[in-house]
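**Q** If you want the building blocks of each chain, they are given just below.
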Amino acid sequence: MHSGYAATRSRGAHRAIAVLFAFALCIPTLSFGADPAPKSGSSPSRPNRLRLQPPAKNKAARPAPAAKTPAAKTTVSRPAVAASPAKPRGPLLDTRLDSFQRTVEVQPQGGGWKPAEKKMPLIGDDKVRTGSASIARIQLGDGTKVLLLQNSQAEMQSLTTVEKSIRLLRGRLRAIVRKIKGGNNFKITTPVGVASVRGTDFEVAVNDDGSDMEVSVFEGSVAISKLGDLGKEVILTAGDRIKFGIEQELSDPIRSGAVPPSQRLEMRNEVQLASAKDAIISMAAEESRNADFQVGKSLIDVNGQRVRTEEYITRASANQFKLVVLNQRATRFDYFTYTGTFNKDLPEDLSVALRQSRGLLGATAPEYYLTGYETLMSNTVDNITETATGGHLVKIDLNSGVYTLTDPTDVTNTRAVDAAVLQPDGSYKIYNPVSDTFSRVTAANLAEAVKISVLDSSTENYRDLSSGDVYWKTRFNEYGSAINGVLKTVFSKKSTVTNALAIDLDTDFANAPIITSIEQPSGAGNLHNRLSLYYSDGSKTVYDTYIIDDEGQLAPSSTFDGLASGAAYKNELDKWNYEQRVTSTEMNGRSIDLVIDPRIGTQSGLIP
Amino acid sequence: MALLLAGLPAIAVSQAKAGEFIPVTVAQFTTGQWFFDGRKSALGGNLGAQFVPAYRFSDKFAILPTIETNYRGTRSAEELSGGATLFQDTWENGLGLKAVMSPTERWTYRARLSGRMKWYRETSDETWSDGLYDHQSISAGAEAERKWGKVGLAAGYDFTNLHFPNYQSLESDQSGDQARELAGTNVLDSNIHMLSLRGHTPLPGRFGLDVSGFFAPRMYEDQHVVTLSGLFTPSTRLDTASGVNLALGRSFRGPKSSMLAASVLYGYAGLQSNQNHYDARLTAFIPDFYDYDQQSMGAELRTGFGRTYAGPMTFDVGTTYTRRNYRSRPIQDAEGAFLGEKLSTTETAVSAAFGYPLTRNIRARVSTSFGRTRSNNKFEQLYRYNYSNANYQFGFAYEY
Chain A
5 MHSGYAATRS RGAHRAIAVL FAFALCIPTL SFGADPAPKS GSSPSRPNRL RLQPPAKNKA
65 ARPAPAAKTP AAKTTVSRPA VAASPAKPRG PLLDTRLDSF QRTVEVQPQG GGWKPAEKKM
125 PLIGDDKVRT GSASIARIQL GDGTKVLLLQ NSQAEMQSLT TVEKSIRLLR GRLRAIVRKI
185 KGGNNFKITT PVGVASVRGT DFEVAVNDDG SDMEVSVFEG SVAISKLGDL GKEVILTAGD
245 RIKFGIEQEL SDPIRSGAVP PSQRLEMRNE VQLASAKDAI ISMAAEESRN ADFQVGKSLI
305 DVNGQRVRTE EYITRASANQ FKLVVLNQRA TRFDYFTYTG TFNKDLPEDL SVALRQSRGL
365 LGATAPEYYL TGYETLMSNT VDNITETATG GHLVKIDLNS GVYTLTDPTD VTNTRAVDAA
425 VLQPDGSYKI YNPVSDTFSR VTAANLAEAV KISVLDSSTE NYRDLSSGDV YWKTRFNEYG
485 SAINGVLKTV FSKKSTVTNA LAIDLDTDFA NAPIITSIEQ PSGAGNLHNR LSLYYSDGSK
545 TVYDTYIIDD EGQLAPSSTF DGLASGAAYK NELDKWNYEQ RVTSTEMNGR SIDLVIDPRI
605 GTQSGLIP
Chain B
28 MALLLAGLPA IAVSQAKAGE FIPVTVAQFT TGQWFFDGRK SALGGNLGAQ FVPAYRFSDK
88 FAILPTIETN YRGTRSAEEL SGGATLFQDT WENGLGLKAV MSPTERWTYR ARLSGRMKWY
148 RETSDETWSD GLYDHQSISA GAEAERKWGK VGLAAGYDFT NLHFPNYQSL ESDQSGDQAR
208 ELAGTNVLDS NIHMLSLRGH TPLPGRFGLD VSGFFAPRMY EDQHVVTLSG LFTPSTRLDT
268 ASGVNLALGR SFRGPKSSML AASVLYGYAG LQSNQNHYDA RLTAFIPDFY DYDQQSMGAE
328 LRTGFGRTYA GPMTFDVGTT YTRRNYRSRP IQDAEGAFLG EKLSTTETAV SAAFGYPLTR
388 NIRARVSTSF GRTRSNNKFE QLYRYNYSNA NYQFGFAYEY
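Taken in sequence, the protein lines are chains A and B. Going from the first sequence to my numbering is simple: count from 1 and add 4. Going from the second sequence to my numbering is simple: count from 1 and add 27.
A couple of the hints might just be wrong.
[To be verified] A partial selection of chain B residues facing chain A, derived with a Cβ cut-off under 7 Å:
| id | residue |
| --- | --- |
| 1 | G123 |
| 2 | V127 |
| 3 | E362 |
| 4 | Q408 |
[Said to hold, decoys possible] Just a few of them, taken from the derived set where beta-carbon distance is under 8 Å, the chain B residues facing chain A:
| id | residue |
| --- | --- |
| 5 | I49 |
| 6 | V51 |
| 7 | R143 |
| 8 | E149 |
| 9 | A364 |
| 10 | E368 |
| 11 | L409 |
[Unchecked claim] To be clear about the criterion: a stretch of chain A counts as covered by chain B if any three or more of its residues have a C-beta under 8 Å from a C-beta of chain B, and this derived list gives those stretches:
| id | stretch |
| --- | --- |
| 12 | 270 to 277 |
| 13 | 354 to 363 |
| 14 | 381 to 392 |
Think of the hints as simulated: they come from the structure by calculation, not from any bench. Idealized CB from N, CA, C, for every residue including glycine.
Sequences are here, hints too, so could you generate the full structure?
**A** Structure (structure tokens):
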């Protein structure tokens, strides 16, 4: 941050005066009385050529540079130095060029400019100057530090324990004056004025032609007087800044915000303390958000839109449960429900019943099984329903390629169905005991087609049925699907007594859909399938299915490595999210768009 | 607390005569990229500014208003990432007012009020102020600090109301048998009561030890506890978060005015909740779903070296290792089936930053961080538990 003064300089009106900024120093705030006026004999007419004090005539022998000598707190006894016509008051103060950076030169009194040396002693009338991006650190024996900043020149006027005075000829310097008992009589003179202090941190700047002076005080207080008008003083305290020139009168100080560095640091620390507590709260909020992600309440759909999902169970009656899946996007709301009705009242831990009802492997018949279900997909305006009733349990034994279906309520009621039967045309008729349907495949696809995957409740993973397995499954005697209340596909069993008979062999179908196309609109490399169903009533329903990851990216087909069915397919599917968008001629251009866990989809029949 | 705050204006007036204005400004601008498991985000920027027009009425009393804003377009590797996306930026704004009173050398009292608001844009359809997880907090607190020379100890209490304005449960909008009884609406909103303690003491050998801890019950007044049946009970969720942090540090002076500050860190954080989780996908009930214990260790090295006109250059490196063990949450296999083992995560992060002073107040800054998160949980359909991420940023920082 530059002061307005610096800004003025940048416009070319003035040069070489700038206000420096606070160091992080911790010097106590002091009060002080102004120093008496500087020595007389100076003239304010041409400041840079002005000599407040004439060169010394009796020079002391200069001590050799003492690199290891502590710079401060030592009052040395040296021959008296006449820094001015008047005899110096008090013993000389050990003053050294403590260190420097880049280009710094020293001009011993009466000599020429020489490169500076570290720990070089300075005495009255010595001059120090700095080049661009350079700095000289001058240490006085009483602990006072003077930093002569870049492109500056100063003259050591009087350096005794009684009188400490440095004259800034051009540029700027910063003085950090140590408070000592009885007061520290230290002053900076310039061709324009005098700044006198007794324990403070301040900065003085003077421009190249010595016509303007600026003082900023960071700690303590400083008395400012103008040469030629030494009777008038202005007291600056911490935070004050004053600017005046030869042609200008001393005015009131400017409250510039030149705050003591220690105070600024203190304020910063206070803010950080408050921020630390806010950070704990922020982390708590972040954890809430993350927990939502972890339980799947926030997903991204294939269009990059956020989908909020909530999945939960309600219990409408003692033998019923309803799984509810809600999807909310910024502009739409869709939901899916699955209501299952059981053969008996459900336990508190629903998983016991559901684990058995979705198909159970093992010799023991499940205690709980479904007698009916209803699914509903909706966008709050349109709905697609599937309803099944007349549920009864069927025992399925697989032995040597033959499924034996048995009605457990009448063990004599059995029927054997071959897993695959060769047809005269060379194809095979395949029986799927899980969906209770027949299909035809070519010989080349036979091996894959006879793999029937079921969920193994003991491992919660899918596996293929193998010879010797016993599998229990609910069959329904009536089924119907409807879009906006218009029945599409309906079937019902012809017989009510042959519970073990497969649907395809004992069922009346109505308005079964004809699949006319399966497309891959996003290319063969991505798992986006479009299934178009045409019904005999002339209506059409299109299912767009997307397999996506948690960021809504389409799964590559290679992930499934050619799998389209079987346990390996369903296990892989469980690692992804499943989005299904349904449009229909019954829905007037609207759609139902659900992102659903594939496991819910497979268990509820949404995913075949 | 209310009495304390009500008294502030009167004190301010009485002390105003000797007052001084102490403005503090911190700002930074960086740009960079974030990498998540080999994918990279677009070049994003981070921009932040904090302005504190503090006013010191006397040596014994000051007030610190705070205004801050932070936009973040590039994440760091230390942030939670598993459920988020590459496309994400946040904007946080805060207002604060703090009063600091030091009636004696030994005692300092602090009171604060703050309001913060954080906005998220995480998906293509979210704009500022309508992000699902936008949240706002209002906090009020007080603290008393006692000093014995260089030893200090402070105890405080803070109350926070945390509100998610755009998040209401979907279930609460349903009717009839489509929703459970007691389904709450503002289920993420909570009230947090935080007790905190912090202290500092110098140790032999020029070491310094900082200790801090907190105990924070958090009440979700609209989120009911779910049971084995999948239904809600009348009880509401109550979490208790606690934490302890230790930092042992020492500074060293090197040649040519170089400096090195080294510190080692240890932290413990725990959460205990009465809330359970009902996984309707698998009809699985998981008691104490949120409970965890977390331990972290870290080390930091901060160096200052070289002399430029505007100050030293800085180079900082740091590393942290964090392990979180969930007390009851079971792991899942890749397909989602629950297994017997309890879930744990480990996060390792390494960061480095270089600063070069351009002026006394402006520093150029380059930083990078790398993080690696691993878990025994293999189910990543909803949330990534195993990933690596990294970032780099460069820009400027300003302090005045």
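**Q** With reference to the structure, classify each hint as holding or not holding.
**A** Verification of the hints:
1. Checking B/G123 against chain A by beta carbon gives a least distance of about 6 Å; that is within 7 Å, so the hint holds.
2. Hint status for B/V127: holds, given a least beta-carbon distance of 6 Å to chain A, under 7 Å.
3. For B/E362, the interface hint holds, since its Cβ comes within 7 Å of a Cβ in chain A; the closest pair sits about 4 Å apart.
4. A hinted interface residue such as B/Q408 counts as satisfied when its beta carbon comes closer than 7 Å to some beta carbon of chain A; here the least separation is about 5 Å, so the hint holds.
5. Hint status for B/I49: holds, given a least beta-carbon distance of 5 Å to chain A, under 8 Å.
6. Interface hint status for B/V51: upheld, as the beta-carbon distance to the closest one in chain A is roughly 5 Å, under 8 Å.
7. The restraint placing B/R143 at the interface with chain A holds, with a minimum CB-CB distance near 6 Å, inside the 8 Å limit.
8. For B/E149, the shortest C-beta to C-beta distance to chain A is roughly 7 Å, which falls under 8 Å, so the interface hint holds.
9. The beta carbon of B/A364 comes within 3 Å of a beta carbon in chain A, closer than 8 Å, and the hint placing it at the interface holds.
10. Checking B/E368 against chain A: minimum C-beta separation of about 14 Å lies over 8 Å; hint violated.
11. Residue-level restraint check for B/L409 holds (minimum Cβ-Cβ distance to chain A is 4 Å; threshold 8 Å).
12. With 5 residues bearing a CB less than 8 Å from a CB of chain B, the stretch 270 to 277 of chain A meets the requirement of three and the coverage assertion stands.
13. Evaluation of the coverage hint for the stretch 354 to 363 of chain A: fulfilled, as 4 residues show C-beta separations to chain B shorter than 8 Å, against a requirement of three.
14. Coverage of the stretch 381 to 392 of chain A by chain B is violated [criterion: at least 3 residues with CB-CB distance below 8 Å; count 0].
Against the hints set out earlier in the document, violations occur for numbers 10, 14.
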